[in-house]
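Chemist: Listed below are the residues making up each chain.
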Amino acid sequence: MRAYAFRRILQFIPTILIISVIMFVLLNLLPGNAALMAGDQRKAPDPRVVEQLKKEWGIDKPIHTRYFIYLKGLVQGDLGTSFLRREPVNKLVGERIWPTLRLSFAALFISVAIGIPLGFISALKRGSLIDTASMVAAVSGVSLPQFWLGLLMMYLFSVVLGWLPSSGYGNGNFVNLIMPAFTLGIGYTALLARATRAAVLEVLHKDYIRTARAKGLSEIMVNWRHVMRNTMVLVLTTAGLQFGALIGQTVIVEKLFSWPGLGSLLVDSIFQRDIPVTQGCILVMILVFLIVNLVVDLLYSVVDPRIEY
Amino acid sequence: MKNIGTLLLAAVTALLVTAGGASASSGGTFVFCAPYGGDLFSLDMHKTSRTQDYIVGLNINRSLYKWDADQSKPVLALATDVKISADRKVYTFSLRNNVKFHNGRTMTADDVIWSYNRIAQPETSSSAASYIANIEGADAVMTGKTKTISGLKKIDDFTLEMTLKHPVDIGYALCKVEAAIVPREAIEGREAEFSINPVGCGPFKFVKWVRGSEVILEKFDGYFEAGKPYIDKLVYKIMPEGAARDIAFRSGELDANIVGASQYPIYLRDPQIKDNMIEVAEMYTRLIGFNSEFKPFADLRVRKAINHAINAELIIRKLLKNKAVLATGFLPTSSPAYDTAMKGYEYNLTKAKALMKEAGYADGFTFECIATANKSWGVGIVEALIPFLKRINITIKPQQLEGAALGERCRTGKFDAFIWSNESGPDPLETLNRYRSTTPRSAGNYTAYANPKYDKALDMAATAKTPAEKLEWVKKANRILFEDAPFWFFNYNKAIIAYQPWVKGIKPVAIEMMLQDFTNVTIDDSSPRK
Numbered sequence: 001m002r003a004y005a006f007r008r009i010l011q012f013i014p015t016i017l018i019i020s021v022i023m024f025v026l027l028n029l030l031p032g033n034a035a036l037m038a039g040d041q042r043k044a045p046d047p048r049v050v051e052q053l054k055k056e057w058g059i060d061k062p063i064h065t066r067y068f069i070y071l072k073g074l075v076q077g078d079l080g081t082s083f084l085r086r087e088p089v090n091k092l093v094g095e096r097i098w099p100t101l102r103l104s105f106a107a108l109f110i111s112v113a114i115g116i117p118l119g120f121i122s123a124l125k126r127g128s129l130i131d132t133a134s135m136v137a138a139v140s141g142v143s144l145p146q147f148w149l150g151l152l153m154m155y156l157f158s159v160v161l162g163w164l165p166s167s168g169y170g171n172g173n174f175v176n177l178i179m180p181a182f183t184l185g186i187g188y189t190a191l192l193a194r195a196t197r198a199a200v201l202e203v204l205h206k207d208y209i210r211t212a213r214a215k216g217l218s219e220i221m222v223n224w225r226h227v228m229r230n231t232m233v234l235v236l237t238t239a240g241l242q243f244g245a246l247i248g249q250t251v252i253v254e255k256l257f258s259w260p261g262l263g264s265l266l267v268d269s270i271f272q273r274d275i276p277v278t279q280g281c282i283l284v285m286i287l288v289f290l291i292v293n294l295v296v297d298l299l300y301s302v303v304d305p306r307i308e309y
Numbered sequence: 001m002k003n004i005g006t007l008l009l010a011a012v013t014a015l016l017v018t019a020g021g022a023s024a025s026s027g028g029t030f031v032f033c034a035p036y037g038g039d040l041f042s043l044d045m046h047k048t049s050r051t052q053d054y055i056v057g058l059n060i061n062r063s064l065y066k067w068d069a070d071q072s073k074p075v076l077a078l079a080t081d082v083k084i085s086a087d088r089k090v091y092t093f094s095l096r097n098n099v100k101f102h103n104g105r106t107m108t109a110d111d112v113i114w115s116y117n118r119i120a121q122p123e124t125s126s127s128a129a130s131y132i133a134n135i136e137g138a139d140a141v142m143t144g145k146t147k148t149i150s151g152l153k154k155i156d157d158f159t160l161e162m163t164l165k166h167p168v169d170i171g172y173a174l175c176k177v178e179a180a181i182v183p184r185e186a187i188e189g190r191e192a193e194f195s196i197n198p199v200g201c202g203p204f205k206f207v208k209w210v211r212g213s214e215v216i217l218e219k220f221d222g223y224f225e226a227g228k229p230y231i232d233k234l235v236y237k238i239m240p241e242g243a244a245r246d247i248a249f250r251s252g253e254l255d256a257n258i259v260g261a262s263q264y265p266i267y268l269r270d271p272q273i274k275d276n277m278i279e280v281a282e283m284y285t286r287l288i289g290f291n292s293e294f295k296p297f298a299d300l301r302v303r304k305a306i307n308h309a310i311n312a313e314l315i316i317r318k319l320l321k322n323k324a325v326l327a328t329g330f331l332p333t334s335s336p337a338y339d340t341a342m343k344g345y346e347y348n349l350t351k352a353k354a355l356m357k358e359a360g361y362a363d364g365f366t367f368e369c370i371a372t373a374n375k376s377w378g379v380g381i382v383e384a385l386i387p388f389l390k391r392i393n394i395t396i397k398p399q400q401l402e403g404a405a406l407g408e409r410c411r412t413g414k415f416d417a418f419i420w421s422n423e424s425g426p427d428p429l430e431t432l433n434r435y436r437s438t439t440p441r442s443a444g445n446y447t448a449y450a451n452p453k454y455d456k457a458l459d460m461a462a463t464a465k466t467p468a469e470k471l472e473w474v475k476k477a478n479r480i481l482f483e484d485a486p487f488w489f490f491n492y493n494k495a496i497i498a499y500q501p502w503v504k505g506i507k508p509v510a511i512e513m514m515l516q517d518f519t520n521v522t523i524d525d526s527s528p529r530k
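Chains D and R, in that order, give the protein sequences.
Following this note's numbering, the numbering of the first sequence begins with 1 at its first residue and continues without gaps.
Following this note's numbering, the numbering of the second sequence begins with 1 at its first residue and continues without gaps.
Be careful, since some hints might not be right.
[To be verified] Derived DSSO-like pairs: lysine-lysine, alpha-carbon spacing no greater than 30 Å straight-line:
#, chain 1, residue 1, chain 2, residue 2
1, D, Lys43, R, Lys456
2, R, Lys351, D, Lys43
3, R, Lys414, D, Lys61
4, D, Lys43, R, Lys145
5, R, Lys375, R, Lys397
6, R, Lys351, R, Lys453
Hints are computed from structural coordinates only; laboratory data are not their basis.
My request is simple: use the sequences and hints to build the entire structure.
Modeler: What follows is the structure in structure tokens.
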């Protein structure tokens, strides 16, 4: 398994290289530049300052020269320096990664804790009121726009009930995490519930389940030892793939709740054309996605011993 | 003896009254918002050029002058007096001798000189460079020829002589927070650190910046205005989303909130909020700029016809919910050079049609208008113009761009027309200089407007002997700009701040409503944070 993990990690290198080229070219082809965006757009720009900034940030150089400078830094683990903040991107991203991971894992926890049991129960009680109700809730959950849901929750829990702070990080307090995590996690919960239900239904019709029942195992044991374990591989695949999307969705939730994460940093940097920060954020998000998928792959062999690497 | 007794009694009474008054309004935490475009970038006022950063930086820093919102003009801040020479080129400032930086050191004339020199250095790339450009010798520093501005002379620790190239009212430029006076020892060798942990001489000192979430400041006990500021702690929540701010304000988490067009009519109907709003016509003029190189727009009659063909008042009422002031020219109602005699282009379709016919465009033409998604001066407004312009056979095609892309197109002249909000203050002369024929597109004259008569009026204003004469020439230039109609003059932003009933002291700041100076703001005991 170690050799497999090592091979997979090595595969990260070409993946990141290809992504870095695509990203660099696309971002640098965008009209507008950071030197222009540095100032208030409503004010008359000072051409002297604009030219000085272009020179200072190296955006007056040809694109290939800029790419090789960027690549040289990347190899050394240096993501560059933010144009507008004039700080190392490593530091900026480093400060923001934990709030994003905290938010994403909280959302993941909520989704797993609610979605999987809900899907499981729905499948076992197929056609019952519980099944219908939970699947209606799941479809609604997937369909709800996060922005709208977040605002509704804010209104209910902050304005009407006054239980939770409407936004902000609040020194990392748990109460500040609840609403953003639920907003981010609801859609994911619904997705996991549906995926679990489908997987369980598929497994329930397998021969080995019939055999297990035939040899006199209790329903609890059948569900726990046979249904659950065989279902988990399918559920893990969905969970792993969708976790990447979850990291991407933090952009909206972080903006709405003034959450100091990678998503809000990414949005700000795109609009301001702060290319080093944009590249840094995207690369780190991709890296998180790759690592999560690797972990999921490795987990397969834990939940299903038949899988070997 | 009796007199001494009476005096003592009066003094004690006065002290008690003052102390009583102070305790009623002093203390507490004020939570405000920083609503523009996401996180702050830098708190080094010389290096940043974002309003979002200035909102916070204004209360950490002080400049030689400050903007007085009540009088709508700059007044002295770090100096007690200024003597101006007869030719209005030499300013001698008597600096306050009790100004302390947050590191405890007293500010002197050396700090003013060092700060302005820093702004002028090319490597600082400061957007404030244009504000000090009028000081004699600043150009030589900006172009890297020398290191110090020759027009700044220290007479003694608290007296500074400033020589200008032209007799302008330098207060307009030096009241900006970008021209803040900062302590050298806090910056040299630690520039990067300074931008995230600043030291100023303002009423509040920096405590913490939670990136992307909030900035916390606390009262600076050594502030030069005795007894001020009144509040103990000032928190800025970074909240770019209007809906989220609205909820935070309604739940009482925000003490004050900038009001958007969609919230304005709702707040006006809300009995708990409607009396706690303050509004001002901000010095930003929303307009459509006509590219003078686009053939039909080269004809003055066409530009005028468009101005006559659109019912701007109706658009303001229906789309902007009255959260704007109808434009009657370029300079806004809050400008010292606002001309009350100017009434704007009347909505008159007959006149518009006649002008189009006269210009040879009776059959009309098609043009594209680039716009952002901004609700008040974006693509939605352009779409609202379609039926109006159709009546004079003009087809306007909106093209939505994102801010950075639109800025690039404007600077390079690659457009037929654009819709935008342009700064129109505070110094009316400086503002109008943007449209001189010598100003290139890259410096903000996007339509490439050129009229020698306009230039001449501005020259006359710049060399006028008295402020009244200067004002008359500025007004004349403003009238010429209006008559030439390089723009469709739409509106001046009506900026509104709604505040909680326990808040006192929010001011109508016409240069930018969010630039609230919290030195005099108080919150009473009904605040949940007191």
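Chemist: A separate judgement is required for each hint: does it hold in the structure or not?
Modeler: Results for each hint:
no.: 1; hint: D/Lys43 - R/Lys456; verdict: 23 Å, holds
no.: 2; hint: R/Lys351 - D/Lys43; verdict: 34 Å, violated
no.: 3; hint: R/Lys414 - D/Lys61; verdict: 23 Å, holds
no.: 4; hint: D/Lys43 - R/Lys145; verdict: 28 Å, holds
no.: 5; hint: R/Lys375 - R/Lys397; verdict: 17 Å, holds
no.: 6; hint: R/Lys351 - R/Lys453; verdict: 26 Å, holds
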